[in-house]
Amino acid sequence: MNFLDFVFYSLASVAIVAALGVITLRNPVHSVLLLVLVFVTSSGLWILLEAEFLAIALVLVYVGAVMVLFLFVVMMLDINLDRMREGFWKWFPFGAILALIMTVEMSMVLMSKQFGPEAMQTPEYKSADYSNTKELGQLLYTEYVYAFELAAVILLVAMIAAIAITLRYRTDKKSSDARRQIAVSRDERLRVVSMTAEKKE
Amino acid sequence: MDSFQSLFEQLFGSEWGIPLFLLTKNLLLILAIIVPLLLAVAYLTFAERKIIAYMQVRVGPNRVTFFGIPWLGGWGQPIADAVKAIMKEIIIPTGANKFLFLLAPILAIAPALAAWAVVPFSPELVLADIDAALLYILAMTSLGVYGVIIAGWASNSKYAFLGAMRSAAQVISYELAMGFALVCVLMMSSSLNLGDIVAGQEGGSLLNWNMVPLFPMFLVYFISGVAETNRLPFDVAEGESEIVAGFHVDYSGMAFTIFFLAEYANMILVATLTSIMFLGGWLPPVDIAPFNLIPGMIWLLLKIALMLFFFLWFRATFPRYRYDQIMRLGWKVFIPITLIWIVLLGAVMQLPEAALQSFPLNLWF
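Each protein sequence line maps, in turn, to chains D and C. Using the numbering used here, you'd call the opening residue of the first sequence number 1 and step up by one each time. Using the numbering used here, you'd call the opening residue of the second sequence number 202 and step up by one each time.
The shape of chain D in the complex, shown without the other chains (with noise of 0.2 angstroms):
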């Protein structure tokens, strides 16, 4: 075993523990902290494979991001875990077949013809100044700039719907305009009233 064995072997196993944690544990913000902790050895993992780009983005995207809104909502939520633990045997056969299935469809896969150690070759090592942060951004601006747009179309789409359906014009709320706050003068708040001073006894 030389030292890349070592450093795969311990984040490949953290990140199996982490994940088994992630759908086992009891309580949902546990469970939301060790998936930042899956994603983090996964792309502990990638960088070991020489797509720093990719690694870094998964932490900017996923733990930065969406981990983050995850753990706020989850935190938010009052959940009942006894209530949602009720149903766990009557629904166990549809939840295993379905494991079996996604199983064996990724088996196909996986072990299929395509896929296999004889299929992939290992890639060659690269040189420290190679960046793969530019040969993606030449591949997905060139030959997959139509995918790569569609895709952004896509999530913009995506994204304008999501505010769509949550913004309600409400009229009864008290918001105040920091525009008309700001342009406020000073004759509208404050008026000096001169009067004549009065005597002390």
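Derived by calculation from the structure, the hints in this document are not laboratory data. Mixed in with the good hints, there may be bad ones.
[As the list claims (entries may be wrong)] Pairs of lysine-lysine residues, derived as BS3-like cross-links and limited to a Cα-Cα distance of at most 25 angstroms, are as follows:
#, chain 1, residue 1, chain 2, residue 2
1, D, Lys126, C, Lys226
2, C, Lys285, C, Lys251
3, D, Lys174, C, Lys533
4, C, Lys359, C, Lys299
5, D, Lys173, C, Lys299
6, C, Lys299, C, Lys289
7, C, Lys285, C, Lys299
Given chain D, put chain C in place with the hints provided.
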């Protein structure tokens, strides 16, 4: 260096010797960055108290000194504070989640220190000269919010929780504007490497710095940086007057001090990144005799000190923003400005070569 490497190879064999040698070397280099950084953090607290005191026509801390030397009065204050914090008891509330309660300060300070790995101090002096440095910085700064959220939740207190919620929403909002401002920087330098970004601003004087063509982005980035570090006037996560002290209300002793250190380390980080990306890093303001003889690192430190002074100045000057005003500034002011500037910059970069070579565009492109 070579003799050390061969020593490691003799001790651990050829397969393990080199990785362990690199690991040890990098650990020592990390220490060489972290120790001065923590000292700077300690003395930044002192500088803050002194500067704000002078702004408010007070004297500030002037008692603790070294060996009774009178003109060093006050300079021992950070050391005394540190000793006091270490001696104090860390109280863990009964209803708190003990593990997460103690994990939170660590999660707060770790990203603030980790981001320094890619910061270049001079053209040669950088720990990890990686190509995706800017992305790495963004990723690390976005991790800092976990410390705050977990601290707020694990304390099992409504004030701490409110502080955590506020902080999470605020940091995520301002991260967007921050990221878009940095997109402009990387468009200017067409590189994600911080050393290349500084090198791209070279050209003779401070007019070539990114600060000039990207002036609105400079303001957006710095103000977002102030918001990201939860400093005044954006410190609603703490909000002493409304929610006691926000997310760290239940922390005491060293656990509280770690949050404190993380905040100041983040301030120094934001000041450094602003200097590197907009103020030309280690480049002198004018590239003529007396200025360019001064080593680049001194210039970088001066620029960092200037940005940090702005942080302290803001704190002494502005009242705290109302929460909805913070959200409005982030979403309705900064993000539109950055989006417009990205389009504008892209359009300018597509101008014919002759136009880019003429004054004033030839200063930057």
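Hint by hint, here is what the structure shows:
1. Lys126/D / Lys226/C: Distance ~23 angstroms between Lys126/D and Lys226/C Cα, so the pair holds.
2. Lys285/C / Lys251/C: 20 angstroms, holds
3. Lys174/D / Lys533/C: 19 angstroms, holds
4. Lys359/C / Lys299/C: 17 angstroms, holds
5. Lys173/D / Lys299/C: Roughly 40 angstroms between the alpha carbons, so the hint for Lys173/D and Lys299/C is violated.
6. Lys299/C / Lys289/C: With Cα atoms ~18 angstroms apart, Lys299/C and Lys289/C stay inside 25 angstroms; holds.
7. Lys285/C / Lys299/C: 23 angstroms, holds
Of the numbered hints stated above, the single one contradicted by the structure is hint 5.
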